[in-house]
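> Below are the chains, spelled out letter by letter.
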Amino acid sequence: MSLHPDRLFSPDPTQRDIARRLYAEVAGLPLISPHGHTDPSWYAKDEAFPDPAALLIIPDHYIFRMLYSQGVRLEDLGVPRRDGGPVETDPRAIWRRFAEHWHLFRGTPTRMWLDHTFETLFGVEERLTPASADRIYDRIADRLTRPEFRPRALFERFHLEVIATTESPLDPLDHHRAIRDSGWQGRVVTAFRPDPVVDPEFDGFRDGLQALGEITGEDTHSWRGYLAALQQRRGFFKQMGATSTDHGHPTAATADLDPVPAVTLFETIVSGRFEPQDAELFRAQMLTEMARMSLEDGLVMQIHPGSFRNHNPTLQREFGRDKGADIPTRTDYVRALKPLLDRFGNERDLSVILFTLDESTYARELAPLAGHYPVLRLGPPWWFFDSPEGMLRFRELATETAGFYNTVGFNDDTRAFPSIPARHDVARRIDCRYLAQLVAEHRLDEDEAAEVAIDLAYRLPKAAYKL
Amino acid sequence: MSLHPDRLFSPDPTQRDIARRLYAEVAGLPLISPHGHTDPSWYAKDEAFPDPAALLIIPDHYIFRMLYSQGVRLEDLGVPRRDGGPVETDPRAIWRRFAEHWHLFRGTPTRMWLDHTFETLFGVEERLTPASADRIYDRIADRLTRPEFRPRALFERFHLEVIATTESPLDPLDHHRAIRDSGWQGRVVTAFRPDPVVDPEFDGFRDGLQALGEITGEDTHSWRGYLAALQQRRGFFKQMGATSTDHGHPTAATADLDPVPAVTLFETIVSGRFEPQDAELFRAQMLTEMARMSLEDGLVMQIHPGSFRNHNPTLQREFGRDKGADIPTRTDYVRALKPLLDRFGNERDLSVILFTLDESTYARELAPLAGHYPVLRLGPPWWFFDSPEGMLRFRELATETAGFYNTVGFNDDTRAFPSIPARHDVARRIDCRYLAQLVAEHRLDEDEAAEVAIDLAYRLPKAAYKL
Amino acid sequence: MSLHPDRLFSPDPTQRDIARRLYAEVAGLPLISPHGHTDPSWYAKDEAFPDPAALLIIPDHYIFRMLYSQGVRLEDLGVPRRDGGPVETDPRAIWRRFAEHWHLFRGTPTRMWLDHTFETLFGVEERLTPASADRIYDRIADRLTRPEFRPRALFERFHLEVIATTESPLDPLDHHRAIRDSGWQGRVVTAFRPDPVVDPEFDGFRDGLQALGEITGEDTHSWRGYLAALQQRRGFFKQMGATSTDHGHPTAATADLDPVPAVTLFETIVSGRFEPQDAELFRAQMLTEMARMSLEDGLVMQIHPGSFRNHNPTLQREFGRDKGADIPTRTDYVRALKPLLDRFGNERDLSVILFTLDESTYARELAPLAGHYPVLRLGPPWWFFDSPEGMLRFRELATETAGFYNTVGFNDDTRAFPSIPARHDVARRIDCRYLAQLVAEHRLDEDEAAEVAIDLAYRLPKAAYKL
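In order, the protein sequence lines correspond to chains H, C and W.
When we follow the working numbering, the leftmost residue of the first sequence carries the number -17, and every step to the right adds one.
When we follow the working numbering, the leftmost residue of the second sequence carries the number -17, and every step to the right adds one.
When we follow the working numbering, the leftmost residue of the third sequence carries the number -17, and every step to the right adds one.
The following block holds chain H by itself, in its conformation from the complex (with noise of 0.2 angstroms):
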């Protein structure tokens, strides 16, 4: 399959040439690439990828859930064991395992970024089949020894304006710095990724606060000096380019204890002696100091509960974090968000955005807070909603109750480098297919739509993000 031009358009005549018109505005803008988490070493070190399974195969975790459901052994895909135990070395023995199961990607979201990624940046335009798998392996292979495909020539040739990385507060955030002594002009920041820190229930959260007390030279078992920490550190993100915090809890429940209930817990937390409900309050408590320390340090905060995280403990004790095992849960926002929003939702100076896996929740509870509060805006749909249908529920079900201004445009979310600009591409489309539709329905000017594609291609991000 060639990638055709009119793809994710609607088929109808109309809807199909209002949609070309309105993404021809759009194709060529540069990428903004707000919240992601691509290896900052690559645009460091600048070293060519290794081999098509570890750029495209061994990482990914959308492949790898996939083939995983259908049986598939993670040993045999290369995903590496804790215990070190035996796994498949030989990439183009992964990569036939996966061209034999490309089958089950059809209709997914991987099988339109890989063939996009196949065809624009590797000139393959053969299916991928257990025939042409070794072909297609080789012409890869071929290509990621050439200079034109290392990380910072890529990321030129994705037209990136820039890109943000996610880190912990703990991360001395030194490939930044290599990137910006080493001149080279492509623009990568970071993003204040507090978790580990801030998550009591987070795996090695105990060390986790020691390690941020050495940084900062903060106690960082008094509550003040815990906290004086986190802002020293948020500050240090700052002057290292980052302009957004982000922030992953199971659910999206905020708090705003008064100071000595909040010291109290803090110790609790502090003495490792304490009950989940004691976790999710001081999370709970944690987010509207974020929301704090941002509306000072102007960092935009991001939000997004709601994944019930390692949801399969064989797998992570065999083979860690982040292994396709992270699933949504339903997630309530009109009672969870109150305490923050009570406290900090109608600043003008501070600006929170949120994402959701929950969908019942666009319609009903995001589009309406996002609506009225002055502080909130609506991210993107988040991970598996990342899809042509996902994109088009979430404009679907947002729109018409947060109009488009209170949504801040596209963010691919990816580890997979490659696969950014067929993710951006999707989303431009899918907007521009949606737009289309308002138009030849006579609900919107076509001039507006292709303002509004505009915005929500470029200028939205950009602005949102601070970027």
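No lab work stands behind these hints: they were computed from the structure.
One should not assume that every hint holds.
No copy labels: a pair is met if it fits in one copy or bridges any two.
To be verified - Okay, derived cross-link-like pairs now, DMTMM-like style, lysine to aspartate or glutamate, Cα gap no bigger than 20 angstroms in a straight line:
1) Lys220 / Asp331
2) Lys444 / Glu143
3) Lys305 / Asp324
4) Lys444 / Glu433
5) Lys305 / Asp58
6) Lys305 / Glu329
7) Lys444 / Asp279
8) Lys305 / Asp177
9) Lys448 / Glu329
10) Lys448 / Asp331
None of these values were measured; they are calculated from a predicted model.
Place chains C and W on chain H using the hints.
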């Protein structure tokens, strides 16, 4: 943008042509407005509306919530403060501020309603922009001075067959009496909305109870007297034209207590020393009491639960209720309605119309309940979902299980009088669009679809509300 | 209305043409019916169906629930009362009453199924109306007397390759034995539905336990004996052709108790002095026990939770179970299934098929779970959602995360034998429609879509149910 005759129809030519034919059958039918919040004094006094801002912006929380969400102060839109503090008083300045932010409404129903109102009511055909704002303001202001723009003239121009307003049991209904006594032929009826004297957490509940006693001569501090007073007021409302009651509780909870615990609960409520769960149980019990009275006096019962009222305490303190900060919440119906349904669900002489703000219940709970229980009917998509996409989702989600004939057609639920024709027009167009799709997909014959279109636009609301 | 060859396809010419081609690939494939509720005595005895009302109306709760919702008494439709009180016995009178209310089914799947049955099975081409009711009745009644309308002839005419019925562990499966012994080639298998002896709140549970002991010779009042008895009956069902078990619990709760608390819980249940939460925990534990046995004996496990059974106590008292008053409820899967998944989720030799009545979980919970856990597959849209819009939503919501190959194709789940071809036809058309859209939007090549269409219609159900 000028109104396109095919707006909101599918752009697919087959569906569009069918939709046109269906719409031609209903476009000219009189409007039935069985549920809304226009001010009866308008029809009683028949005075000119003061100015464009006072008519279209200041009272419309759809409009000012969106502007507020983007940082516009309510004071700058002329919304009165509770402390009497200064707010913008120049209607033209308010209008200009509104025009500057008109792009925020792209893709929203507010935009469609106002475009329709501007063009069909005021003859405005240019788009609202900062440049055109003054011209449009002047044109509307001029029209408002003319006799044909007085409320009664508009009522007739809108082809309203009947409109219902909504009043508290404490309301003397003087305006309704004045309308009746005036000899004017327009039919304006009231609806009985007892929330202020039935919800213990309603502002002023205790004073309301007192007033209810004074109006009725009943001892409203005894359970028996309280029920008798409500029954008496229902009788009075019915005499003044009411055909329905209207109940806006936080949840859909109903209860069916035995007499002794019911008395005890009432005494706890009257004492003022009650917990939130007592208030919830009392509201729940009162829905069942209201159903019992409806079975006796024939008033149709409307229940629309699930809004978290006044979510923003700062705003409520400064500007009062109903300022755009009511947020929908997840709502259960299957368990909540059971006590009422256990007692009255199989009655053939009782009619309970359910509205919701939780669309996830359309297909899962509401359509299955309404497709079984004789007393239940489904009201139209409510509030935020009174929109093209919202209405379409309602039909797609509810029809297959409840059919069309367990729904009751449209109501505009609005206090924005000039928008009434626009709102009914959107509803009629979307229903014709949905029916056209069924016909185009050979799921329904066109002659049947035409009959359904007329039922939805006219016959069903007239029958369901006994109008 | 006569059946249109393009019914249910998109009216857009591009999509319609692709859908036609895809449908041509699957229209003639044999039917696999892996889950349903037809009466095995029909196939065993092969007697003529008595009359149109007894065949099409009296046993179909889709039909009489809709009529009941609009005030028609069940007595007037010939539904037998538990007290043996008088009900309509004239099938023609029932049929006329049904015809008078035929408009209620506009837009519902019942309408589509019956139109299909009338035309393709009975050669009726005129619309059902009060005027045509007698003619149509006579025609159907005449056909039912003919040998080619006996159950076995219909089975063959329907091109059924295999049909599964559903029986209690207490059922001796005499009809299945008779079918097998008859020499008839039609393949009718059973499915093991243990709810009556596994759900302590099922009517007659204690008697069932007793009977289970008598049938198996096990002491079913000891935990060990009870489990052995179930295992034995599973073996017997398997021997009689069963390839699956079927579990219809109120929630998806699973548990994995240690042996000692499991025994204690069982003893509480057997004592009859248990609380609702004990019953819930027992059902939860039993799902995990059933999974364990499935891993041993290879029976595929079907779980379809989330129905609030017999919601209408008056109706249940007067007419019994299964009278259209089962109402879906909100259902959690992420937490509920975890105990079972923690223990068996990574098995490659166990297959658990999940159905739901809570569509809000398709994209949020079920597709992510099935797209990860090797044991999980997604069953088709269930019951109220076994409808054109319901099936389309399922594909739109589930495919992007779970793909097609973690779904198992269609099942008709019906006791309405004549409607089986209509139901499979709707499913095949909707799947082709969905695939045609993917092709028309250049998200999938047409040759791949054709392969998927055949997989969904035939290969996947055959494989998933081991048929």
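> Look at each hint and say if it fits the structure.
The hints, checked one at a time:
1. Lys220 / Asp331: within (17 angstroms within a copy, 52 angstroms between copies)
2. Lys444 / Glu143: For Lys444 and Glu143, the Cα distance is within 20 angstroms only inside one copy (10 angstroms; across copies 51 angstroms).
3. Lys305 / Asp324: Between copies only: 15 angstroms across chains, 37 angstroms inside a chain, cut-off 20 angstroms.
4. Lys444 / Glu433: within (15 angstroms within a copy, 44 angstroms between copies)
5. Lys305 / Asp58: Answer is within; shortest intra-copy Cα gap is 14 angstroms, inter-copy 52 angstroms.
6. Lys305 / Glu329: Between copies only: 17 angstroms across chains, 39 angstroms inside a chain, cut-off 20 angstroms.
7. Lys444 / Asp279: within (18 angstroms within a copy, 59 angstroms between copies)
8. Lys305 / Asp177: The answer is within: 18 angstroms in one copy meets 20 angstroms, while 36 angstroms across copies does not.
9. Lys448 / Glu329: within (17 angstroms within a copy, 48 angstroms between copies)
10. Lys448 / Asp331: Close inside one copy (12 angstroms), not across copies (52 angstroms); limit 20 angstroms.
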